[in-house]
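**Q** Take these sequences, add in the hints, and give me the full structure.
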Amino acid sequence: MTTPTDPSAGLERLLGAELTAEPVFLMARAASTGSSAANRKLAQLELKVRHYSVLALACGEEQLTQRELSQFLVLDPSQIVAILDDLERRGAVERRTDPRDRRSKIIAPTAAGRELYDRARALVETSTAESLSPLSPAEREELSRLLRKVAF
-14 MTTPTDPSAG LERLLGAELT AEPVFLMARA ASTGSSAANR KLAQLELKVR
36 HYSVLALACG EEQLTQRELS QFLVLDPSQI VAILDDLERR GAVERRTDPR
86 DRRSKIIAPT AAGRELYDRA RALVETSTAE SLSPLSPAER EELSRLLRKV
136 AF
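Be aware that the sequence shown starts at -14, since it is given in our numbering, and climbs by one per residue.
The reader is advised that the hints may include incorrect statements.
Here are the simulated lysine-lysine pairs, BS3-like style, with alpha carbons at most 30 Å apart [as the list claims (entries may be wrong)]:
1. 33 with 90
2. 134 with 26
3. 33 with 134
Simulated DEER-style distance windows between Cβ atoms [as the list claims (entries may be wrong)]:
4. 130 with 104: 35 to 43 Å
5. 135 with 41: 16 to 24 Å
6. 7 with 137: 16 to 24 Å
7. 1 with 76: 46 to 54 Å
8. 93 with 6: 39 to 47 Å
9. 48 with 124: 44 to 52 Å
10. 12 with 76: 31 to 39 Å
11. 111 with 86: 35 to 43 Å
12. 17 with 76: 13 to 21 Å
13. 6 with 30: 32 to 40 Å
14. 125 with 81: 20 to 28 Å
15. 117 with -3: 15 to 23 Å
16. 117 with -4: 16 to 24 Å
17. 9 with 100: 19 to 27 Å
To be clear, the hints were calculated from the coordinates, so they are not data collected in a lab.
Here a beta-carbon is modelled for each residue, glycine too, at the ideal position from N, C-alpha and C.
**A** Take a look at the structure:
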């Protein structure tokens, strides 16, 4: 059964296309549909998955520079700057001079940023559970393991 937001609605006849056997297509399609679903949830916080990803890393244990964020998230440095500008305007993060290299900036979450991250994480977890609902818990773990292996 399809829903109005189901990107496959009406396209069942294409499920036998050769393209559906190609991992690169399947990874791209899964990423696109998963990101779109998460973006719909995050919209209530005026965030997108990219903002969430930066905020999640900023709230983590490691102190990361803008360059490290760019490399890890595979985003152009100009995209990271725009995301950080948005988050900084909202009072969610601060850019601080990196004591290891004064030319670099470390991204640090504010108290408001940590609170925003907690709220966003709950929405992303809900979205992920919905997107992966056809999979058993063991299949979800296996999917994560395989994607990590391919991604890193």
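**Q** Hint compliance check: list the failing hint numbers for this structure, sorted ascending.
**A** Of the numbered hints given earlier, those the structure breaks are 4, 9, 12, 14 and 17, listed in rising order.
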